[in-house]
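Taken in order, these protein sequences are the chains called V and H. For the first sequence, my numbering begins at 1 and goes up steadily by one. For the second sequence, my numbering begins at 1 and goes up steadily by one.
These are calculated hints, taken from the structure and not from any lab test. All the pointers check out, no bait thrown in.
To give an idea of the chain H side of the interface with chain V (calculated C-beta under 10 Å), a few residues:
1. 64
2. 68
3. 89
4. 90
5. 91
6. 92
7. 94
8. 98
9. 99
10. 101
11. 102
12. 107
13. 110
Taking lysine-lysine pairs in the DSSO-like style, the calculated list, with each CA pair at most 30 Å apart, reads:
14. H/60 <-> H/76
15. H/114 <-> V/73
16. H/133 <-> V/9
17. H/114 <-> V/81
18. V/9 <-> H/114
Note that the Cβ used here is the ideal one computed from N, Cα and C, for glycine as well.
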Amino acid sequence: MAAPFTLRKIGVPPNSANLTEARRRVFDFFRASCRSIPTIMDIYNLQDVVAPSQLRFAISAQIRNNAHITDPKVIDLLLFKGMEELTDIVDHAKQRHHIIGQYVVGEGLVQNTGSKDQGKSDFLKNFYTSNYF
Amino acid sequence: MVTSFTSSISMQPRLSATTTTRFGLQKPVSVFNTNLTLRPRSMPARLAISCAAKQETVEKVSEIVKKQLSLSQDQKVTAGTKFTDLGADSLDTVEIVMGLEEEFGITMAEERAKEIATVQQAAELIEELVLEKTT
Numbered sequence: 001m002a003a004p005f006t007l008r009k010i011g012v013p014p015n016s017a018n019l020t021e022a023r024r025r026v027f028d029f030f031r032a033s034c035r036s037i038p039t040i041m042d043i044y045n046l047q048d049v050v051a052p053s054q055l056r057f058a059i060s061a062q063i064r065n066n067a068h069i070t071d072p073k074v075i076d077l078l079l080f081k082g083m084e085e086l087t088d089i090v091d092h093a094k095q096r097h098h099i100i101g102q103y104v105v106g107e108g109l110v111q112n113t114g115s116k117d118q119g120k121s122d123f124l125k126n127f128y129t130s131n132y133f
Numbered sequence: 001m002v003t004s005f006t007s008s009i010s011m012q013p014r015l016s017a018t019t020t021t022r023f024g025l026q027k028p029v030s031v032f033n034t035n036l037t038l039r040p041r042s043m044p045a046r047l048a049i050s051c052a053a054k055q056e057t058v059e060k061v062s063e064i065v066k067k068q069l070s071l072s073q074d075q076k077v078t079a080g081t082k083f084t085d086l087g088a089d090s091l092d093t094v095e096i097v098m099g100l101e102e103e104f105g106i107t108m109a110e111e112r113a114k115e116i117a118t119v120q121q122a123a124e125l126i127e128e129l130v131l132e133k134t135t
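Please model the complete structure; the sequences and the hints are all you need to start from.
Here's what the structure looks like:
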C-alpha cells in the first residue's frame with residue numbers, strides 16, 4: 001500500500017494568474033480530496049454505507065457544478081471554501097450524519113422524502129429549497 | 001454386497017491458452033539454420049502498436065473507465081482508445097486516474113498523470129509503479 005496521504009495545511013496562496021493555473025489548482029484540490037477519502041471513510045465509519053467511488057463522484061459533481069466559471073479569482077475563492085470544507089471533514093470537526101446527508105444522499109435529506117409532498121404545490125417545493133424564488 | 005461407486009469422469013474441454021487478443025503472435029516455424037519464414041506474418045493495421053503492458057492490466061483499466069464514464073458493457077474499449085473519445089472531460093480523466101490509484105494501491109505523480117490520454121499509457125504507467133512498489 002502506498003504511504004498514507006496526509007493533508008498538509010499551507011497558508012493562503014496568492015491568487016492564480018490565469019485560468020490555466022486555476023485549473024491546475026482545481027485538479028490538485030480534487031486529487032488531494034480523493035486521496036483523503038480512505039482517511040475519511042475510516043474516521044466516520046462509512047465502510048458499509050458508501051463506496052469510495054461514490055464519494056469521488058460526489059466531489060466531482062460539486063466541482064462540475066461550478067465548471068462554467070471563468071474568473072480565476074472566483075475559482076480561487078471556491079477552492080478556498082472547498083479546502084476549508086475538506087480540512088473540517090478530515091479534522092473530524094464534522095459528524096457522521098453531516099457527511100452522509102451532504103455527500104452520500106445528495107443535496108439535503110429533503111430529496112429522499114420527496115414522496116411526501118408529491119403533487120403538492122411548486123410554491124412549497126421552492127420554499128423548502130431556498131428563500132429566493 | 002454390491003457397492004456402487006458413482007464416479008464421474010469429467011472431460012475438460014481443451015481450452016486454448018491464448019485469449020482473444022495477442023499482439024504479434026508468430027506461427028511456430030521449424031528453422032534449422034536460416035530464418036526462413038514459410039508464411040508471412042499477417043498484421044492487421046490496427047494492431048500495429050506493440051502492447052507493452054499486460055493484457056489483464058489493460059482489461060482492469062478498461063473496466064474502471066467504463067464504470068466511471070457509465071458506458072455500456074459492449075462499448076469497445078481497446079488499448080489505443082483515448083479517454084476524450086469516450087466522452088470524458090479533463091475532470092473525468094483525473095477521476096479515472098484516481099480510481100486507478102485506488103484499485104492498484106499506487107500513487108501517481110502529477111506530472112506523469114497529466115500525460116495519460118489513452119488506456120495504453122495508463123496501463124503502462126500502472127505496471128511501472130506496481131513494479132517499483134514491489135521491488
